[in-house]
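> Single-letter residue listing:
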Amino acid sequence: MSVLAPTPSGLALKSPGCRDAPVLKERGQREVFCGLTGIIWLHRKMPDAFFLVVGSRTCAHLLQSAAGVMIFAEPRFGTAILEEQDLAGLADAHDELDREVERLLSRRPDIRRLFLVGSCPSEVIKLDLTRAAERLTQRFAPRVAVQNYSGSGIETTFTQGEDACLASMVPDLPSTEAEQLLVVGALPDVVEDQLLGLLRDLGVPSVKVLPTRTADDELGIGPNTRFLLAQPFLGDTAAALSRRGARHIPAPFAFGEEGTTEWLRAAAIEFAVDAAVFERVTAAPRARARKAIAAAAETLCDKSIFFFPDSQLEIPLARFLARECGMRPIEVGAPFIHKGVVGSDLDLLPYGPTLSEGQDVDKQLDRCRAARPDLTVCGLGLANPLEAEGLATKWAIELVFTPVHGYEQAGDLAQLFARPLRRREALRL
Amino acid sequence: MKLTVWTYEGPPHVGAIRVATGMEGLHYVLHAPQGDTYADLLFTMIERRGQRPPVSYTTFQARDLGSDTAELFKIACRDAYQRFQPEAIIVGASCTAELIQDDPGGLAETMGLPIPVIPLELPSYQRKENFGCDETFLQIVRTLAVPCERTPEVSCNILGPTGLGFRHRDDVEELSRLLEELGVAVNVVAPMGSRPSDIARLGEAHFNVLLYPETAEGAARWLERRHGQPFTKTAPIGVGATRDFLAEVTELAGLASVSTDESRLRLPWWSSSVDSTYLTGKRVFIFGDATHAMAAARVARDEMGFEVVGLGCYNREFARPLRRLAEEYGVEALITDDYLEVEKTIEALAPEMILGTQMERHIGKRLGIPCAVISAPVHVQDFPARFSPQVGWEGANVLFDTWVHPLVMGLEEHLLHMFREDPEFHDAAGPSHHAGHGPVKLRLVGEDEPVAPTPVNDGAVVWLADAEKELRKVPFFVRGKARRNTEKFAAEQGLGEISVDTLYEAKAHYAR
Numbered sequence: 001m002s003v004l005a006p007t008p009s010g011l012a013l014k015s016p017g018c019r020d021a022p023v024l025k026e027r028g029q030r031e032v033f034c035g036l037t038g039i040i041w042l043h044r045k046m047p048d049a050f051f052l053v054v055g056s057r058t059c060a061h062l063l064q065s066a067a068g069v070m071i072f073a074e075p076r077f078g079t080a081i082l083e084e085q086d087l088a089g090l091a092d093a094h095d096e097l098d099r100e101v102e103r104l105l106s107r108r109p110d111i112r113r114l115f116l117v118g119s120c121p122s123e124v125i126k127l128d129l130t131r132a133a134e135r136l137t138q139r140f141a142p143r144v145a146v147q148n149y150s151g152s153g154i155e156t157t158f159t160q161g162e163d164a165c166l167a168s169m170v171p172d173l174p175s176t177e178a179e180q181l182l183v184v185g186a187l188p189d190v191v192e193d194q195l196l197g198l199l200r201d202l203g204v205p206s207v208k209v210l211p212t213r214t215a216d217d218e219l220g221i222g223p224n225t226r227f228l229l230a231q232p233f234l235g236d237t238a239a240a241l242s243r244r245g246a247r248h249i250p251a252p253f254a255f256g257e258e259g260t261t262e263w264l265r266a267a268a269i270e271f272a273v274d275a276a277v278f279e280r281v282t283a284a285p286r287a288r289a290r291k292a293i294a295a296a297a298e299t300l301c302d303k304s305i306f307f308f309p310d311s312q313l314e315i316p317l318a319r320f321l322a323r324e325c326g327m328r329p330i331e332v333g334a335p336f337i338h339k340g341v342v343g344s345d346l347d348l349l350p351y352g353p354t355l356s357e358g359q360d361v362d363k364q365l366d367r368c369r370a371a372r373p374d375l376t377v378c379g380l381g382l383a384n385p386l387e388a389e390g391l392a393t394k395w396a397i398e399l400v401f402t403p404v405h406g407y408e409q410a411g412d413l414a415q416l417f418a419r420p421l422r423r424r425e426a427l428r429l
Numbered sequence: 001m002k003l004t005v006w007t008y009e010g011p012p013h014v015g016a017i018r019v020a021t022g023m024e025g026l027h028y029v030l031h032a033p034q035g036d037t038y039a040d041l042l043f044t045m046i047e048r049r050g051q052r053p054p055v056s057y058t059t060f061q062a063r064d065l066g067s068d069t070a071e072l073f074k075i076a077c078r079d080a081y082q083r084f085q086p087e088a089i090i091v092g093a094s095c096t097a098e099l100i101q102d103d104p105g106g107l108a109e110t111m112g113l114p115i116p117v118i119p120l121e122l123p124s125y126q127r128k129e130n131f132g133c134d135e136t137f138l139q140i141v142r143t144l145a146v147p148c149e150r151t152p153e154v155s156c157n158i159l160g161p162t163g164l165g166f167r168h169r170d171d172v173e174e175l176s177r178l179l180e181e182l183g184v185a186v187n188v189v190a191p192m193g194s195r196p197s198d199i200a201r202l203g204e205a206h207f208n209v210l211l212y213p214e215t216a217e218g219a220a221r222w223l224e225r226r227h228g229q230p231f232t233k234t235a236p237i238g239v240g241a242t243r244d245f246l247a248e249v250t251e252l253a254g255l256a257s258v259s260t261d262e263s264r265l266r267l268p269w270w271s272s273s274v275d276s277t278y279l280t281g282k283r284v285f286i287f288g289d290a291t292h293a294m295a296a297a298r299v300a301r302d303e304m305g306f307e308v309v310g311l312g313c314y315n316r317e318f319a320r321p322l323r324r325l326a327e328e329y330g331v332e333a334l335i336t337d338d339y340l341e342v343e344k345t346i347e348a349l350a351p352e353m354i355l356g357t358q359m360e361r362h363i364g365k366r367l368g369i370p371c372a373v374i375s376a377p378v379h380v381q382d383f384p385a386r387f388s389p390q391v392g393w394e395g396a397n398v399l400f401d402t403w404v405h406p407l408v409m410g411l412e413e414h415l416l417h418m419f420r421e422d423p424e425f426h427d428a429a430g431p432s433h434h435a436g437h438g439p440v441k442l443r444l445v446g447e448d449e450p451v452a453p454t455p456v457n458d459g460a461v462v463w464l465a466d467a468e469k470e471l472r473k474v475p476f477f478v479r480g481k482a483r484r485n486t487e488k489f490a491a492e493q494g495l496g497e498i499s500v501d502t503l504y505e506a507k508a509h510y511a512r
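Those sequence lines, one after another, are chains E and D. Just so we're aligned, residue 1 is where the first sequence starts under our numbering, counting upward by one. Just so we're aligned, residue 1 is where the second sequence starts under our numbering, counting upward by one.
These aren't lab readings, by the way, just hints derived from the structure by calculation. These figures come from a predicted structure and were not determined experimentally. C-beta: ideal position from N, C-alpha, C; glycine also. Any given hint might turn out to be false.
DSS-like cross-link-like pairs, simulated, lysine-lysine; straight-line CA separation at most 25 Å [said to hold, decoys possible]:
hint : chain 1 : residue 1 : chain 2 : residue 2
1    : E       : 394       : E       : 363
2    : D       : 282       : D       : 481
3    : D       : 282       : E       : 363
4    : E       : 25        : D       : 74
5    : E       : 126       : D       : 2
Output of the computed footprint for chain D on chain E, the stretches with three or more beta carbons under 8 Å from beta carbons of chain D [what the hints assert, rightly or not]:
hint : segment
6    : 55-61
7    : 95-103
8    : 119-133
9    : 141-154
10   : 380-388
Can you build the whole structure from these sequences, using the hints too?
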């Protein structure tokens with residue numbers, strides 16, 4: 001039996017990576033979503049959960065606008081809109097909240113997990129949702145577990161909402177001594193099934209996922225739990241898991257053939273998987289992924305790319321696009337750069353692009369216009385204005401709504417970036 | 001506290017953004033946390049605007065709350081002035097900033113900017129988007145409009161169009177054409193299309209055309225009081241309303257007589273021609289903003305020959321006129337912004353068609369009721385590439401097409417009935433001009449199949465097997481009505497069971 005090597009020779013960088021590269025820190029207007037947006041994908045992942053935002057009409061309007069269309073009769077999320085009298089007396093606000101929750105739970109007996117989601121206004125008036133969650137849990141246990149987290153814009157940026165949600169679940173998980181691998185992050189079911197299948201084929205003994213699909217799925221945490229993050233925005237969840245004694249396995253994220261292989265390899269090394277087994281399990285899907293990427297890489301090769309901060313996926317994606325698609329990142333902006341989480345990706349990202357953290361959107365737009373990148377990755381508020389200035393864009397939100405992780409999606413991921421460029425070539429206007 | 005799943009209106013600061021985005025040379029400095037910038041995508045994605053809305057958000061964060069959010073606001077204000085060089089600035093707070101009470105208006109005033117600074121007080125926890133439009137426009141007008149001489153020729157302003165408005169772009173174009181045909185010049189169109197310097201000369205017009213009371217009534221009333229400009233009261237949506245509007249304008253303009261060219265108007269003939277016979281008495285439910293809903297009621301009843309079975313609006317500000325109109329139509333007014341309540345009402349009324357908003361379109365999809373969209377809240381579909389106004393002659397033509405489109409066309413309806421027992425045919429066949437003709441499982445008449453939803457049967461009345469079978473022979477598009485009428489008839493007669501005879505007795509009873 002041969003032991004897997006931590007860094008395969010093929011990964012050696014010709015240039016130094018970006019781990020120690022200087023970071024441009026910006027503090028100005030941020031053109032980003034708040035953490036409430038995560039509810040759009042979280043509620044689909046947890047079909048027995050309801051997300052009740054305690055907030056304002058703005059919160060409700062954001063959720064509706066970010067969801068794009070209202071496709072559900074009665075979605076598993078809603079907003080308890082604060083009114084004048086709620087602001088006047090907090091005691092009354094708690095009574096009101098209890099009443100709304102009671103009404104909701106009696107109408108929706110399918111709800112097993114209820115998340116009270118804090119918003120900017122609820123945080124500013126210091127409405128204590130932790131206390132509310134405890135009170136409501138006592139009242140509705142065992143049928144419904146009530147938890148709370150903040151998705152407010154004053155505390156969270158876009159994908160941090162998922163981080164806050166998952167982190168809020170960790171303290172309540174039962175303890176276990178079992179040796180297990182925990183995959184952390186809400187992935188589309190198809191992707192989750194594929195990645196779990198690969199880990200199972202590698203012979204990793206017990207693989208669990210956070211969040212569990214239903215309240216009844218058992219999940220414990222303990223000192224023999226090791227975890228792999230599936231998403232780069234889960235820093236607080238990682239910290240919460242570490243506090244429970246679980247150990248983080250640092251790895252590049254599973255974007256592209258190389259990313260997926262390294263992500264799996266990190267787990268395989270941890271669980272002493274035989275090198276031959278690793279090769280046997282990954283060889284075919286790796287080849288498929290490489291082939292699928294190659295089709296898009298023809299379009300992407302040598303094209304420059306500029307990332308506005310959005311989902312925290314920017315660094316791993318820049319790594320994928322630079323190394324597997326031959327793109328040239330000019331600026332990689334992220335709302336936060338958590339080196340403990342994206343360090344492995346920074347190591348692999350060839351030195352050169354400006355790394356920026358935070359945002360001052362008008363200044364960043366100036367930099368983008370000056371650089372005239374072939375492709376700009378940005379939020380929905382910026383995409384059409386940049387297109388109107390002649391710059392090709394890719395809307396970042398699609399990257400969190402679409403299955404993009406793993407071998408079988410690697411080609412799709414590359415195509416997401418290639419399509420805007422192909423479209424420009426195709427149109428004769 | 002009120003649980004809301006979907007909202008008809010955004011918060012009031014979104015109304016202010018709609019006004020600012022419609023204008024040029026105006027900038028909005030909005031004290032708001034990060035995340036509130038989502039509002040930009042309404043304009044760049046839904047309306048497909050090629051520029052960012054002229055809004056600077058302070059995007060304060062939790063860590064700023066302890067220190068100095070007021071300073072952040074001033075920095076944003078200064079940067080916005082320097083970068084965008086606007087003619088005027090509006091300043092205000094979103095719902096969260098309202099709570100921290102930094103007083104953006106007061107702060108901006110102390111900065112000594114060399115341009116007008118217009119403070120907005122938009123109570124986020126009481127009011128909504130339309131109020132935000134109306135109040136913002138009113139404040140802009142109050143601050144900037146100065147007394148001036150009337151134009152030598154008779155002229156008017158068009159008040160109401162904003163960014164992200166339902167067909168505002170095309171309504172302005174159509175309306176301007178109508179006014180031009182009458183010989184009335186358009187002085188300023190505002191807010192959309194105007195600059196602060198144009199607002200200053202609103203007083204040059206002889207009167208105002210209030211196109212959308214929802215967004216500009218406050219300004220129209222103020223201009224009437226302060227500048228002696230009367231304003232129009234009719235929304236020119238539909239044939240009759242357009243004629244009334246033109247008469248109103250003729251009078252306000254002091255013209256001798258109404259001289260209009262109706263050669264572009266097709267609705268009257270389209271509605272009179274025989275293919276439209278099938279529209280007679282179609283039961284429609286109408287819901288939207290009050291102006292569009294009330295206008296739609298008149299068009300539905302008088303110009304399409306529909307039967308209005310329900311009428312409502314989501315903006316309480318206009319509850320009174322809408323209630324009055326509903327009474328005139330003999331229906332109960334539904335004034336609510338609760339989407340679930342609207343759904344419940346539609347379910348109970350089981351209309352054959354909905355004239356509603358995008359929300360009702362979704363309700364219609366679920367209940368299998370065709371729906372045409374007549375009002376905001378807007379969707380990317382409401383910004384078509386083609387010219388598609390709601391007002392004026394062309395607007396009337398558009399209404400006819402839009403409302404008839406979801407229905408089965410006249411002759412086609414007849415043929416569907418005729419051929420319904422042919423094996424190639426099936427009940428689920430909809431109008432041929434609709435997409436989505438996927439493979440549908442073929443069912444023969446009499447085969448067990450779920451028969452249309454049974455909204456009003458509370459279980460008290462039982463359908464006998466033969467009657468149930470007979471009911472299936474009724475064309476699908478009237479089957480719901482047949483079922484409902486029969487059940488109502490049975491209940492009135494105190495019958496516990498419905499037989500084939502009951503079905504036909506009910507049919508005779510309700511025959512028109």
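> Each of the hints needs a verdict: does it hold here or not?
Do the hints match the structure? See the list:
1. The suggested pairing of residue 394 (chain E) with residue 363 (chain E) holds, with an alpha-carbon distance near 20 Å, which does not exceed 25 Å.
2. For the proposed pair residue 282 (chain D) and residue 481 (chain D), the alpha carbon gap of about 11 Å is at most 25 Å, so the pair holds.
3. For the suggested pair residue 282 (chain D) and residue 363 (chain E), the alpha carbons sit about 57 Å apart, so the restraint of at most 25 Å is broken.
4. The straight-line distance between the Cα atoms of residue 25 (chain E) and residue 74 (chain D) is roughly 21 Å, inside the 25 Å bound, and the hint therefore holds.
5. For the suggested pair residue 126 (chain E) and residue 2 (chain D), the alpha carbons sit about 19 Å apart, so the restraint of at most 25 Å is met.
6. Residues of the segment 55-61 of chain E with a Cβ under 8 Å from some Cβ of chain D number 5, which satisfies the need for three, so the listed coverage holds.
7. Counting residues of the segment 95-103 of chain E whose CB falls under 8 Å from any CB of chain D gives 5; the rule of at least 3 is met.
8. A count of 5 residues in the segment 119-133 of chain E with a Cβ less than 8 Å from any Cβ of chain D is obtained; the coverage claim is therefore met, three being the minimum.
9. With 3 residues having a Cβ less than 8 Å from any Cβ of chain D, the segment 141-154 of chain E passes the three-residue criterion, so the hint holds.
10. Restraint check on the segment 380-388 of chain E versus chain D: 8 residues with Cβ-Cβ distances below 8 Å, three needed, restraint holds.
Violation of the numbered hints given earlier is confined to hint 3; every other hint is satisfied by the structure.
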